[in-house]
Amino acid sequence: MDKLSLQNPLFATYVIAASLMILKAVAMSWLTVVRMMQSNGGFRSPEDLRQTLFNPTPRPEQLAIDDRVDRIRRIHLNDLENLPFFLAAGFLFVLTDPSLWLARVLLYGYVVTRLAHFVAYLTARDHETRALLWTPGSLILIFMSCWALIAALGA
Amino acid sequence: MDKLSLQNPLFATYVIAASLMILKAVAMSWLTVVRMMQSNGGFRSPEDLRQTLFNPTPRPEQLAIDDRVDRIRRIHLNDLENLPFFLAAGFLFVLTDPSLWLARVLLYGYVVTRLAHFVAYLTARDHETRALLWTPGSLILIFMSCWALIAALGA
Amino acid sequence: MDKLSLQNPLFATYVIAASLMILKAVAMSWLTVVRMMQSNGGFRSPEDLRQTLFNPTPRPEQLAIDDRVDRIRRIHLNDLENLPFFLAAGFLFVLTDPSLWLARVLLYGYVVTRLAHFVAYLTARDHETRALLWTPGSLILIFMSCWALIAALGA
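Chains as they are written, first to last, in the numbering used here: chain A, 23 to 177; chain B, 23 to 177; chain C, 23 to 177.
Just so you know, these hints were derived from the structure itself, not from any lab. Keep in mind it's a predicted model, so treat the numbers as computed, not measured. Honestly, I wouldn't trust all of these hints.
Note that the list lumps identical chains together, so a pair holds whenever it fits in one copy or between two copies.
Unchecked claim - Derived lysine to any residue pairs resembling SDA-like cross-links, with alpha carbons at most 25 angstroms apart:
| hint | residue 1 | residue 2 |
| --- | --- | --- |
| 1 | LYS46 | THR135 |
| 2 | LYS25 | LEU42 |
| 3 | LYS25 | ASP89 |
| 4 | LYS25 | GLY131 |
| 5 | LYS25 | TYR143 |
| 6 | LYS25 | ALA86 |
| 7 | LYS25 | GLN84 |
| 8 | LYS46 | THR79 |
| 9 | LYS46 | ILE172 |
| 10 | LYS25 | SER121 |
| 11 | LYS46 | PRO82 |
| 12 | LYS25 | THR145 |
| 13 | LYS46 | PRO68 |
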């Protein structure tokens, strides 16, 4: 069967997990926008202090770090450190033709733990909780990359 | 036809858009280098203050934030938040076999709005202009990811 | 032959280089964790100052920038600026069916120079050394992207 066909359940599993993670990352950009509007601050560029329709009364403090905005930026950076590599590793992994149940456990497991990590970070849980929810995703990344590496070296 | 052949106009469209966006991101690294040399500052690592051939007269201020360098770093970070996900979403999207005109509108439209966003950010236009040029790209990302997700769920 | 088969030496070359680079990026997350534990600091979120099992005696200074942790964060950011684009560009490049020796030189050459760049950054070598080891990887990225772009435009 065509490896990249959506009729191939392995590839369909990858596409579902990958699109959800892309949407998650894009959502962080919009959440940053929402919180900048709510806080009316947390901006980053000097030009954001110009008087415009959306910022009728600029104040220098709008360029200061805003806790609510900065939390989303940290979550976003954590996504940038993880999701692009998940998108690549998951793709290489499904191309090695693993069993479907293993692919589902790893790919959907990654999605679930990343969403749980997001909730824990957003609601400022203890570092331990955050670490506990970040770790499985990172181990899945390592597992899938090693799996692909070994398959390619042994081919 | 082979989905990943350049003879396939859908895939060729993706490759053109993707390579342009990769080159755009890489160009930000070089632009950072150029501006660090012009400003003779905006460095980030303590060791960059050592006296060397390219930095014959080091000064502590070289580690301070330099506005011209920092602007490129912000643009670069914005690229990191967007382009890797475009590269993945565009790939998944063309694999669902959409119509060629739709693929061209979305993929080339993304490239054009990202380049316009870059110019607006580089020249410090109002936040509104920047937001207006960032939004279409983000909506295209969301559209392509949802499209791939729905296709995979319905397969 | 199936372009995405590991029996295809071009694709196997890509998978080896790509998985090594994914593992490299993931290793930076773990190295950050190791150094945060060693320094007992370099944290980023206010909630990391709560008294917990792993942080029995919190101090406000734990949120200050820690040189040893921050170095890894800078290396990690440099990876984010480079590796996702390598993963995409290398994939597009091998799909254009280049000669195997060229693919091996570029893909393995990228891996080797990135690892050397990591060592130079980690051990705080002069900026010149770091730049010298960063440049080949960036040129390889540009070469592979231009190659794919020209192949797609000429198809």
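Hint-by-hint comparison with the structure:
In the homo-oligomer, the alpha carbons of LYS46 and THR135 lie at most 25 angstroms apart both inside one protomer (12 angstroms) and across protomers (22 angstroms), since each shortest distance falls under that limit. Taking the shortest Cα distances, LYS25 and LEU42 sit within 25 angstroms of each other both inside one copy (20 angstroms) and across copies (23 angstroms). Taking CA atoms no more than 25 angstroms apart as the test, LYS25 paired with ASP89 passes in neither setting, with 45 angstroms inside one copy and 46 angstroms between copies. Within a single copy, LYS25 and GLY131 get their C-alpha atoms as close as 22 angstroms, which meets the 25 angstroms cut-off; across copies the closest is 29 angstroms, which misses it.
Taking identical chains as interchangeable, the C-alpha atoms of LYS25 and TYR143 are never at most 25 angstroms apart, the minima being 36 angstroms within one chain and 40 angstroms between chains. Proximity of LYS25 and ALA86 under a CA criterion of 25 angstroms is satisfied in neither setting, with 50 angstroms inside one chain copy and 49 angstroms between copies. For the identical chains of this complex, LYS25 and GLN84 are neighbours neither inside a copy (50 angstroms) nor across copies (49 angstroms), given an alpha-carbon limit of 25 angstroms. In this assembly of identical chains, LYS46 and THR79 lie within 25 angstroms of each other by CA distance neither inside one copy nor across copies; the values are 33 angstroms within and 35 angstroms between.
With identical chains, the CA atoms of LYS46 and ILE172 are at most 25 angstroms apart between copies only, with a shortest distance of 16 angstroms across copies and 30 angstroms within one. In this assembly of identical chains, the alpha carbons of LYS25 and SER121 lie at most 25 angstroms apart whether taken from the same copy (14 angstroms) or from different copies (21 angstroms). In this assembly of identical chains, the alpha carbons of LYS46 and PRO82 never lie at most 25 angstroms apart, being 32 angstroms within a copy and 32 angstroms across copies at closest. Taking the closest pair of Cα atoms, LYS25 and THR145 never come within 25 angstroms of each other, the shortest separation being 40 angstroms inside a single copy and 43 angstroms across copies.
Proximity of LYS46 to PRO68 under the C-alpha cut-off of 25 angstroms is restricted to the inter-copy arrangement: shortest distance 24 angstroms between copies versus 29 angstroms within a copy.
When each numbered hint is compared with the structure, violations occur for hints 3, 5, 6, 7, 8, 11, 12.
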